[in-house]
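A.B. asks: Residue numbers (the numbering used here), protein chains in the order written: chain A, 102 to 261; chain B, 1260 to 1850; chain C, 119 to 709.
Do not rely on the hints blindly, as some may be mistaken.
Claimed, not checked - For lysine-lysine, the following BS3-like pairs were computed, each having C-alpha atoms within a straight-line distance of at most 25 Å: (1) C/K144 with B/K1557; (2) B/K1841 with A/K254; (3) C/K702 with A/K118; (4) A/K110 with C/K123; (5) C/K258 with A/K106; (6) C/K198 with B/K1557; (7) A/K254 with B/K1834; (8) A/K111 with C/K702; (9) B/K1790 with A/K205; (10) B/K1643 with A/K199; (11) A/K199 with B/K1339; (12) C/K702 with A/K106; (13) B/K1557 with C/K312; (14) B/K1823 with B/K1642; (15) A/K118 with C/K312; (16) B/K1557 with A/K254; (17) A/K199 with B/K1834; (18) B/K1557 with A/K199.
Note that these hints are calculated values from the structure, not bench results.
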Amino acid sequence: MSHVKVELKKEDVAKIKEICKTFHNNPGELINVLHKAQSFFGYLPAEVQEIVAVELNIPVAKVYGVVTFYSFFTMLPKGQHPISICTGTACYVRGAEKVLDEFKRILNVSVGETTPDGKFSLGCLRCVGACGLAPVVMVGEKVYGRVSPDGVKDILKEYE
Amino acid sequence: MHMLVCGGTGCRASASDAIVETLNSELAAKGMENEVQVIMTGCFGFCEKGPIVKILPDNTFYTQVTPADSAEIVAEHIVKGRKVNRLLYTDPENKEHISDSKHMGFYKKQLRIALRNCGVINPENVEEYIARDGYQAIGKVFEMGAQATIEQMKKSGLRGRGGGGFPTGLKWEIASKNHADQKYVVCNADEGDPGAFMDRSILEGDPHSVIEAMTINGFCIGATKGLVYIRAEYPLAIKRLQIAIDQAREYGLLGKDILGSGFDFDIELRYGAGAFVCGEETALIHSMEGERGEPTVKPPFPAESGYLGKPTNVNNVETFANIPVIILKGAEWFSAIGSEKSKGTKVFALAGKINNVGLIEVPMGTTLREVIYEIGGGIKNGKKFKAVQTGGPSGGCLTEKHLDTPIDYDNLLAVGSMMGSGGMIVMDEDDCMVSVAKFYLEFTVEESCGKCSPCRIGNKRLHELLERITKGEGTMEDLDRLRNLSHVIKDSSLCGLGQTSPNPVLSTLDNFYDEYVAHVTERKCPAGQCKSLMQYVIDQEACVGCTACARNCPVNAIAGDRKKPHVIDTSICIKCGACIEKCKFNAISIQ
Amino acid sequence: METVKLTIDNRQVEVPSGTTIYKAAKLLGIDIPVLCYMDLGDMNIENKPGGCRICVVEVEGRRNLAPSCSTNCAEGMVVKTHTMRVINARRTIMELILSDHPKDCLTCAKSGNCELQDMAVKLGVRNIPGQEYAEMSTYKTDFSPSIIREMDKCIMCRRCETMCNTVQTVGALSAVNRGFTAVVAPAFEQDLEKSPCTYCGQCVAVCPTGALTEVDSTPKVIRALADPTKTVIVQTAPAIRAALGEEFGMAPGTLVTGKMVAALRQIGFDHVFDTDFAADLTIMEEGTELLDRLTRHLNGDKKVKLPILTSCCPGWVNFFEHNFNDMLDVPSSAKSPQQMFGAIAKTYFADKMSVKREDLVVVSVMPCLAKKYEAQRDEFKVNGNPDVDFSISTRELAHLIKEFNINFADLADEDFDRPLGESTGAAVIFGATGGVIEAAVRTAYEVHTGKKLPKMDFNELRGMEGIRSATIDFDGLPISIGIAHGLGNARKLLEDVRSGKANYHAIEVMACPGGCIGGGGQPLHHGDSSILKARAAAIYREDAEKPIRKSHENPYIQKLYEEFLGKPMSEKAHHLLHTHYFDKGNKDVFI
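Make a model of the complete structure from these sequences and hints.
C.D. replies: Written out as structure tokens, the structure is:
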């Protein structure tokens, strides 16, 4: 997994330690700790994982092993507006792939990448559960239904 | 009077929150806020026509409502008692408006047991659940005792709804017989099957039924702790479940000495983090322990050594949702529903190229044809039915000849698919079955945990073979390899993921062999889906030279003078299809 | 004991319940092939992730094939190990594994000693279908001072992970990523050098392929030997002589001291010396330090830390530098025998021979990979020139002997050179767990009490138990001794010391299970503890046969002190033979 190097501020370190503490520094709560840490930092840089490892008293290799196992965890910061295209089966048969291709083409990034200006990151997810609206795209928390390749431009325009 | 507004994820995505708001403000403006109550409920199931607003007591069912419609609904229906016809469901057959959902094709054949409260109650209010006999089952169980309850469960014939179909009562019995200082009840809510969302809908629409059932389960096997392993991607379900747990604690329905029975039970949430393999119970347990969600060899089964090495009973959300009703109405009532070996109902997420996309619940034994044509309203845009995929990535693609198969665990298995968690995706003549198999394999490759070699490497190779075939590079030998590899992966993989992942390949090979052969020998995709195998061609006779296609081509692959036939440079063409959409003269075709 | 009866390949067998099919088959002489499986015998640790699936067998009545390594026998089970279905699955799986494995076998460090290669031979794999277009999982090769990780060759058997985490509790390695890209790696897939790796080499010792190998220093040794301006001397660790023969087909436990010396001379080393000499020297220094600390402690000096920990094992030194950074003043400051040898060779011996330090090349033959790293530590260099230039493993020496066309088996025994080749029985037993402390006791007892030892063999200090303790009577003064081998055991023991649960005067720790005889650089023993026991027996045999068995009686050691060092712990001894330790813990993240 590619990742970026960051320097953590004192209060960031304190925050991570606090998160670990709320889970009683219990290694069995590793995934819950990582969820909380990611919701705080937006992603899980190596430096955060190292502190979590020390606090939970487990090897950092193990923390990394867990982070890289679950697709929800990321070591890359997301864009200001994370775009997720649902590639669940219902959306797939209703043309999600073409919508995805159009996002890739316009933003000129691949899945998992962020535009150079940090504005948009492109990702896929499996089934939002809004199959009635297939194909579905999420930008941040907002859900767009029945998206066609033509509509991609208009969605992006909302965030300019 | 009550106005029920669907608060499922699909309808909320279409602004059902705003509908609640505008309805309330319109009611307030008319001074009727005390006479009419607006309630946000769980999913009604009819996602195709969402957002749904239902008015009680007259059962009026409004479809595709927007916040702008609120004023008219209040002014007409509530104040004047006149239905807003334009928002009523129109029968596709006779074009008549249907007001009561009971008479709609979509609902006629349904029997809602697991979904009984979804779209009926406010899931954030425990009293509404209690008003519908909620938490009566647990009281009955305390009276009956654990042994008798397990007997009831066994008699009911309920089988696990998560995919495996293992008899629930038997599972409980095994867990109850293993002695330990601590046991656990786990609810698997890590719905990972792309295209299935029944578990989420239940948790969003009726969280207390799951809490009650887990408590019953705990009492029966002697567990005092329950854990719900839930997808982190389900924020609404998490929120409502947490509210429900808090309310249940407040009402003494969770915690110490529940209902004065002396039995203690409480529930905690654990979050999944995006790993399909965690649907497998050993993987799920490792994940709950903070480990990589890798499955381990069974036995030992969780009932013997599960979470933290203690006896653990894992059931899925839908399984749990059935339990309180079974206890209340009795095993005989439940086992009278369904087919010989599969009792009760099953919830399906009906999606794809079908008119009525939505969440449905039908008795076991209902045929695929009834589901697709009567409930689903047939194929979208008048196209021809081609296949129905059940069981998600673990299932298979069934065809016309299977349509009269009564749906149950064993029948689906016998025809090369499976029940799975209840995804049901309908495909039409435009879908290429090789591509569909490839799509599922792509998913499996991404979701394989990598622990065992057949799944880790084998599925990758299957995907590569399918990729070659869709690119027109396949050989007949490759088809044999596909088949052998599929059988070996099924036969030798460690867990359920690998043991079922080749099903989409095998079932399409069995049912659509000609389509594979066409890709290989004629280098053609009969459905016109495989980009590498198609060419866009402009019919020189039909083209009038309007230039619409050339202007819309994103890569400038089309040339031609105005009013003269145009030509596509196939070396530049990216086969996006924009030209076909723009051509008003049907001059462009795919060959 | 409860037993079960079953049939394997039409033959009946009765086994204790809980026995796996694989082991039951073995009793019948049926060798089911296994790849990822590893049995660490006396350690009671088995690596059986059920991952490779090579060992699958057919079990009557079971839907899919069963992994024999991790499936227990059941009463009445009917197992078939070589049906068409099994053979086809096994071969297909092997083809899959090979399809994701580099094909540079001819030049691979493991060629000829590779379990994967052997398996391909056994299963008769002749081609890999689809190899032309099969994508391979590729990773960056990682060169550390001791170990090379070429994970393209990893087959995910997870043995290294078991060694690193379960046995050694080092935690440098974990399975990372998922699916096709899953691999075993340090955190963030960084180089081993940036991880808490101790270079114990136990991962290398169990790797079935060429994914984990040692850094090969033999080319540098050959170049030095060919350089006429250099004087090249060699030292051999105690454990080499008890294992080297295995590389030439001899039975484990064959002592080949004389042949080894002859071979080294034929290779062209100018002087063939013995690390055992330095082991005697270590006892002089470490033993004196122990007595010094003990005496001061008994006299009530609160500043003195007890227990004293042995420090001759570089893997152990790395381990405590990483994990017990709060206890860096507890281990003995004495350098390891390898480094004592280098320091003496490049001063005392170089002076004697009138060779400039830069022109003297010291090569060590070690059963260990951490020694390679140790030799490169900055504190063991003078103006950039290391005390020990190259450290090669037992396996590398065997390669060298073969490459130099030496018929090892036919060599006549020869003796080590003087003065650095003379040693006592106490030095030889450094090679087995408990040996260092036994050697120290032999000397410390006589120095402390001024009396002659009543017996030479301290059987209470010997054995294969992971953690052992004994109290030795020093003429009325009970000295309590702890012994741990394997870093996981060392961690347990040290944690007890840290928490005050355990009180010892002295503790011996060896990083590798069994001590140096089970070192990461030894001929591969695949966890077979009978091999380790045979090697240990050989070591004690050599000790028993030695005319002198106490370090302080070594005449050349006495001479070394007389001529050069003065007395143990003298200033000169301190300068040359003692060291200090570094904090390599994760302190920086505490900010």
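A.B. asks: Can you give the numbers of the hints that this structure goes against, from lowest to highest?
C.D. replies: 4, 11, 13, 14, 16 and 18
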